[in-house]
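**Q** Below, each chain spelled out in residue letters.
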Amino acid sequence: MQPLTFWQKLYIPEILRGMAVTTRHFMVNLLGRRHTVTQQYPEEPTQVSERYRGRHRLMRKEDGAPRCTACMLCATSCPALCIHIQGGAHPDPTVEKYPVSFTIDELRCVFCGLCVEACPCDAIRMDTGIFALAAYKRENFLYPRNLLLGDDMPTNIAEGKAPNL
Amino acid sequence: MAKKLTIDGKEITARDDATIIQAAHEAGIAIPHYCYHPKLSIAGNCRMCLVELEGRPKLEISCNTPVVDNMVVLTNSPRVIEGRRGVLEFLLINHPLDCPICDQAGECGLQDYYMQYGLYHSRFQEEKVHGRKVVDFGPDVVFDSERCILCTRCVRFCKEISQTDELGIFERGDTAQIATFPGKQLDNPYAGNTVDICPVGALTSKDFRFKIRVWFLQETKSICPGCARGCNINIHHHNGQVYRLKPRQNDAVNETWICDAGRFGYKSINETRVLHPQIQQDGALQHVSWQVALEHAVEALQRHGGAAVGLVIAPQGTNEDHYLLAKLASEVLATPHLVLYPGVLGDEDDFLIRADKNPNTRGAQDMGLPAPVTTTQLAAMAQAIDQGTIKVLYAIGANLAAAFGPETVLRWATQLDCLIVQTSNMVSGHEQAHVLLPSATYAERDGTFTNFQGRLQRINAAFAPRGEALPAWQIYTRLASSLGHDWPYVSAEGVLHDIAAATPRYAGLSYAKIGDLGYPVTHES
Chain A
15 MQPLTFWQKL
25 YIPEILRGMA
35 VTTRHFMVNL
45 LGRRHTVTQQ
55 YPEEPTQVSE
65 RYRGRHRLMR
75 KEDGAPRCTA
85 CMLCATSCPA
95 LCIHIQGGAH
105 PDPTVEKYPV
115 SFTIDELRCV
125 FCGLCVEACP
135 CDAIRMDTGI
145 FALAAYKREN
155 FLYPRNLLLG
165 DDMPTNIAEG
175 KAPNL
Chain B
5 MAKKLTIDGK
15 EITARDDATI
25 IQAAHEAGIA
35 IPHYCYHPKL
45 SIAGNCRMCL
55 VELEGRPKLE
65 ISCNTPVVDN
75 MVVLTNSPRV
85 IEGRRGVLEF
95 LLINHPLDCP
105 ICDQAGECGL
115 QDYYMQYGLY
125 HSRFQEEKVH
135 GRKVVDFGPD
145 VVFDSERCIL
155 CTRCVRFCKE
165 ISQTDELGIF
175 ERGDTAQIAT
185 FPGKQLDNPY
195 AGNTVDICPV
205 GALTSKDFRF
215 KIRVWFLQET
225 KSICPGCARG
235 CNINIHHHNG
245 QVYRLKPRQN
255 DAVNETWICD
265 AGRFGYKSIN
275 ETRVLHPQIQ
285 QDGALQHVSW
295 QVALEHAVEA
305 LQRHGGAAVG
315 LVIAPQGTNE
325 DHYLLAKLAS
335 EVLATPHLVL
345 YPGVLGDEDD
355 FLIRADKNPN
365 TRGAQDMGLP
375 APVTTTQLAA
385 MAQAIDQGTI
395 KVLYAIGANL
405 AAAFGPETVL
415 RWATQLDCLI
425 VQTSNMVSGH
435 EQAHVLLPSA
445 TYAERDGTFT
455 NFQGRLQRIN
465 AAFAPRGEAL
475 PAWQIYTRLA
485 SSLGHDWPYV
495 SAEGVLHDIA
505 AATPRYAGLS
515 YAKIGDLGYP
525 VTHES
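Taken in order, these protein sequences are the chains called A and B. Each position in the first sequence, counted from 1, maps to that position plus 14 in my numbering. Each position in the second sequence, counted from 1, maps to that position plus 4 in my numbering.
Chain B on its own, in the form it takes in the complex (with noise of 0.2 Å):
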């Protein structure tokens, strides 16, 4: 049974056990909050979501009152303005007003509501009560108890959904404070949401510390490449620099939350990056055009034939990198050597955090791509090699050194004729590459990544390639081109278009379809 009321003078039919805050916000209609959370108990203590209620005398909190039939409800009347006039007077009466050294300046909700409700001059003249400053509450989360509006959302959350309890509120009345439980830190790895609900700067991020200005910030949606949950993020950046990564809400995935590992992702994005093709000459990696990197690989694939060449793939890559990929070793190269390994699982937890640490090894498989190898099974491909059947080894994606050792690759790179490594970022054991290709990161292009649940997910270009890196899929479409098969592709959404005509699961999608949300393709559709 839905209940029938009014806000604002619209009729609004709401669930039976919706609150009136809730009701209105999914009528689009925003009461101003901050300790309500829609993924948190209701605490209602910050007094900020105030409303007028047909035929009570006082101002009811909206986010802990439940709807009844026939409501009428009025969230802009002037008592209600009055109402919030005088929370917000409250709760900026200790408040330190350090805008301008705040991280949280620019997207906090003091200074947004005040620019609407705010009282402009103020009545203080008292002494404003001093609280601690810089309180380290573990590695990642600074605090500050001159800004707390002590809304308890982190506090909730450590109890509620990270499950860890390690914040509480101590004292009364104007020393109240929020701390850490005698010797606990706040460290779990979810810890770093608690920055992200904080609706005022009392928590900032240690990493994202000072280091620039939140409006200065661009957005925009992806999908976090950390592990097979394939959580929903938006990458803030600015100049081709990517400065943190924020959960977005996707209720199917990760509802409001991101683990801190893949908050501290993006720093490959950054950092370690190969920014141009390189071919080994002289003893070592020399910078050379695309156009030489690829004559050299495409020499070595053409002299060996396609039974000679070896692929070892990690589920990095897109739906549009591996199709063409599975393309390519299929009907260009013809091999039947072809792994696809994730590398060593890591941990996971009954949340969010999952064990296989590929945004894509499902995709892969749904591409047409080889289920994935353990460590052991790499055997009969490092068995090949040492025997001399693979002349070409083609890793893309993946750390041979650690999946091989550092000696083995270190032996190939003088046995192999050609070892041709493609990645975004340089880690050890590549400086053995004879061809080194850059390819472009998560952040650099537009894809599409299945996550274990198979909900296909879109990720964007938040920028151009660093350097002359390149989509993965292009790379394939070159290296195809170079070896006598045009491919017709030009961007990735018409590499999907290819991969919805030929795979029935992926049928009919366009990126319009999969939306910001993503679209789940686990069944026949």
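Excised from the complex, chain A in its bound form (with noise of 0.2 Å):
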């Protein structure tokens, strides 16, 4: 650590020189928008950049099915054990394997993205952009297969829009 000279020993006229800082940026954010950093979250939607890791949602295939097929490599390389799926036999033979339940906690979850990352059939997405859950209860925050599909959303993200982007 550098030894403080005469004048940073003082004190006092750094302290000013700091107040000046922050009364600067204070009259920036007051009059004028401009070089704002401040953002009116939540009247104004937050930026998020596309590779943002947002809450987890499970992709279709084309005929509305899911396209998980229960491989667990997600739940495997979860390093957070938040993914639990509960696999089972499809009635037609050429799929043979489906998701029965396919729940994330998303309270466990560290958002790290390994289960994109790791999914074969590009079942699972982190693009939602959606960075704000809340829920009254802990139990909400166990995402269940048809929430994290979009059955139960608002249609812009069942649609695989991402609301916010």
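Worth flagging that the hints you see were computed from the coordinates, not collected in a lab. C-beta atoms are modelled at their ideal positions from N, C-alpha and C, and glycine is treated no differently. Misleading hints may appear alongside valid ones.
Unchecked claim - Over 10 Å on every C-beta distance to chain A, these chain B residues come out as not near it, computed from the model:
{"no.": "1", "residue": "GLU86"}
{"no.": "2", "residue": "ASP102"}
{"no.": "3", "residue": "ALA109"}
{"no.": "4", "residue": "ARG213"}
{"no.": "5", "residue": "ASP351"}
{"no.": "6", "residue": "THR412"}
{"no.": "7", "residue": "HIS489"}
Stated by the list, open to error - Once the Cα atoms are required to be at most 20 Å apart in a straight line, the calculated PhoX-like pairs of lysine-lysine come out as:
{"no.": "8", "chain 1": "B", "residue 1": "LYS225", "chain 2": "B", "residue 2": "LYS163"}
{"no.": "9", "chain 1": "A", "residue 1": "LYS111", "chain 2": "B", "residue 2": "LYS225"}
{"no.": "10", "chain 1": "B", "residue 1": "LYS210", "chain 2": "B", "residue 2": "LYS188"}
{"no.": "11", "chain 1": "B", "residue 1": "LYS43", "chain 2": "B", "residue 2": "LYS163"}
{"no.": "12", "chain 1": "B", "residue 1": "LYS250", "chain 2": "B", "residue 2": "LYS210"}
{"no.": "13", "chain 1": "B", "residue 1": "LYS210", "chain 2": "A", "residue 2": "LYS111"}
{"no.": "14", "chain 1": "B", "residue 1": "LYS137", "chain 2": "A", "residue 2": "LYS111"}
{"no.": "15", "chain 1": "B", "residue 1": "LYS62", "chain 2": "B", "residue 2": "LYS137"}
{"no.": "16", "chain 1": "B", "residue 1": "LYS225", "chain 2": "B", "residue 2": "LYS14"}
Said to hold, decoys possible - Cβ-Cβ distance ranges computed for the label pairs, FRET-style:
{"no.": "17", "chain 1": "B", "residue 1": "THR179", "chain 2": "A", "residue 2": "THR60", "range": "53 to 61 Å"}
{"no.": "18", "chain 1": "A", "residue 1": "CYS126", "chain 2": "B", "residue 2": "LYS14", "range": "41 to 49 Å"}
{"no.": "19", "chain 1": "B", "residue 1": "ASN74", "chain 2": "A", "residue 2": "PRO107", "range": "53 to 61 Å"}
{"no.": "20", "chain 1": "B", "residue 1": "GLN129", "chain 2": "A", "residue 2": "ASP77", "range": "41 to 49 Å"}
{"no.": "21", "chain 1": "A", "residue 1": "PRO107", "chain 2": "B", "residue 2": "GLU497", "range": "45 to 53 Å"}
{"no.": "22", "chain 1": "B", "residue 1": "GLU352", "chain 2": "A", "residue 2": "PRO107", "range": "35 to 43 Å"}
{"no.": "23", "chain 1": "A", "residue 1": "GLY127", "chain 2": "B", "residue 2": "GLU111", "range": "47 to 55 Å"}
{"no.": "24", "chain 1": "A", "residue 1": "PRO107", "chain 2": "B", "residue 2": "GLY177", "range": "17 to 25 Å"}
{"no.": "25", "chain 1": "A", "residue 1": "THR60", "chain 2": "B", "residue 2": "GLU111", "range": "40 to 48 Å"}
{"no.": "26", "chain 1": "A", "residue 1": "GLU64", "chain 2": "B", "residue 2": "GLU223", "range": "38 to 46 Å"}
{"no.": "27", "chain 1": "A", "residue 1": "GLU64", "chain 2": "B", "residue 2": "GLU86", "range": "45 to 53 Å"}
{"no.": "28", "chain 1": "B", "residue 1": "GLU352", "chain 2": "A", "residue 2": "ARG122", "range": "48 to 56 Å"}
Hints in hand, dock the two standalone chains.
**A** This is the structure:
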């Protein structure tokens, strides 16, 4: 650490200098909107980058069935152990296996995106841009298969469009 | 006369009738293979075990080439690796590559060897030949002909081991496939083994299908408690849940097989468990602490003294349990009313399945419990209860309703002063118990079983007992302590130490000495 100069040791001038920076930002935010870093969330949608890892969603095949084959590669790669899948035998022998239940514990999830990378079928994505998950009960953060598929979601998400992009 | 040969520069002495693959495996050199199985005849059709022999122009299959003196074998030369790569390319031509939904993924011979010898860049551009998917072969086996590499292990198993001949190869060329003969089902009592020996995902078990991916499973060495044979098994479990049992090789007991009844015997570990000590209160069983339950039991045992206590024991426990139980009966309770009730005899065959469906009837007698009684001999005990000589009945692992009849148990529930039932699973009749003590299953505890041959074998705890269940020997130790006898036992191995000191045939034995494959205690050691 560098030793303080005599000027810095006086403290008062440095405090004033700092206050000047704070006041300048305050005035800019208060008066003009140029260069403002503060976002008016939630009135204005937050800008997230395209690669932002938001809440998961499950994709569908062309016939509307879940793309997921319950191979468990996402659950295997998940470092937070938050994906719980139960596989089952599908009546169609060419499909063979499908997820009877697919639950993500969003409270345990660390949003690392390894599940998306691991998926061989592009069945799980994190491109919804949703980062503000809210619920009144912890149980409501156990997102079941149909919610992740978009059945119980606002239409824009169900159609695969992230709401805030 | 043994033969000397060199494999990969290593001097090896092999049996006279050994093949190269056997000699190599005995010397610890692994040679990739699919169709070769040590307990089946040689088929030589997968071509995966190719090796290079000095002085021979072509690669030879090691599974069907007998060893010759001064033979020089190379198992990993560039030519051999190229050969294996070619074989794998052929085997995978029509393979569907559906590993993500295939139950075998993670323990698949095709995956494992492809990682080592794979081509990685497929040259195959034609249309794959499609086969039959999800073909129902029998009660537990599902077949997928696209994944099959026609190694014929399952066909040979049904011909040579189960000797039931359900399977065969039909058609020719790229339409050749395994199938059951018309009108036949793969339903022999050993059918599950075909799934074990299938090196790929062609045969899968309906029971295990899609339950869990194999890489989540942990293995614990154990012994099947389904009958007196005591087949060596591995318990495959995850998070305290057992998903399947697999046979473990022990040539003295079960070679590499187990029967289907044993294979599906794990369900009692997961289901219908008694998890908490319970006592009868207000007309129903109520959960209580171990202390309260034992107080209830001990109070009744003390009130009437040893002579009024009857014990019905099923030989399901380990030697450690039975040793302490015999000690409890003779030293602490001093009761003459003691019966070892093995239940009714079941099916038997000349291969693995034994009629006695208990794992430790022989061990129970070695530990000082009486000889097993038949159902008719139970009448004496029933009479003693009806006459009021026995006022406290302590049933250990025994199904009272099956032994004495459900009405009798119902009558005794009011007639007896105390009915103590110690069990790991709830069966009909147990709800009449005055005191219900939960005991741990074989997957949750250490111990030893002595099979019908007199072979002492170890079971190991795969996970902690569910709920508040305790290994039986701990329950006896707690009971003895409540009755004023402080026993020094803190582990099952400590009990075995005492058994080794007290029983001549078990002298000097420890868990380390018994090992994974057991130890014969048939003669004085």
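**Q** None of the hints should be skipped; say for each whether it holds.
**A** Cross-check of the supplied hints:
1. GLU86: Label holds. Min Cβ-Cβ 29 Å, cutoff 10 Å.
2. ASP102: It is violated; ASP102/B is separated from chain A by about 8 Å at its closest Cβ, not greater than 10 Å.
3. ALA109: 8 Å, violated
4. ARG213: ARG213/B not clear of chain A: closest Cβ-Cβ about 6 Å, inside 10 Å.
5. ASP351: 30 Å, holds
6. THR412: 43 Å, holds
7. HIS489: 46 Å, holds
8. LYS225/B / LYS163/B: 29 Å, violated
9. LYS111/A / LYS225/B: Not OK: LYS111/A and LYS225/B at ~31 Å, beyond 20 Å, violated.
10. LYS210/B / LYS188/B: Given that 20 Å is the threshold and the Cα spacing comes to 18 Å, the pair holds.
11. LYS43/B / LYS163/B: Roughly 12 Å between the alpha carbons, so the hint for LYS43/B and LYS163/B holds.
12. LYS250/B / LYS210/B: Holds, because 15 Å separates the two Cα atoms, which is no more than 20 Å.
13. LYS210/B / LYS111/A: The hint holds at about 13 Å.
14. LYS137/B / LYS111/A: Cα-Cα ~12 Å, so holds.
15. LYS62/B / LYS137/B: 37 Å, violated
16. LYS225/B / LYS14/B: Given pair LYS225/B, LYS14/B is violated - Cα atoms ~32 Å apart, limit 20 Å.
17. THR179/B / THR60/A: 53 to 61 Å: 60 Å, holds
18. CYS126/A / LYS14/B: 41 to 49 Å: 47 Å, holds
19. ASN74/B / PRO107/A: 53 to 61 Å: 54 Å, holds
20. GLN129/B / ASP77/A: 41 to 49 Å: 28 Å, violated
21. PRO107/A / GLU497/B: 45 to 53 Å: 51 Å, holds
22. GLU352/B / PRO107/A: 35 to 43 Å: 39 Å, holds
23. GLY127/A / GLU111/B: 47 to 55 Å: 29 Å, violated
24. PRO107/A / GLY177/B: 17 to 25 Å: 23 Å, holds
25. THR60/A / GLU111/B: 40 to 48 Å: The hinted range 40 to 48 Å holds for THR60/A and GLU111/B, with Cβ atoms some 47 Å apart.
26. GLU64/A / GLU223/B: 38 to 46 Å: 45 Å, holds
27. GLU64/A / GLU86/B: 45 to 53 Å: Roughly 46 Å apart at Cβ, these two residues keep to the hinted range, so it holds.
28. GLU352/B / ARG122/A: 48 to 56 Å: Given range 48 to 56 Å: holds, Cβ gap about 51 Å.
The structure does not agree with the numbered hints 2, 3, 4, 8, 9, 15, 16, 20 and 23 stated previously, though it agrees with the rest.
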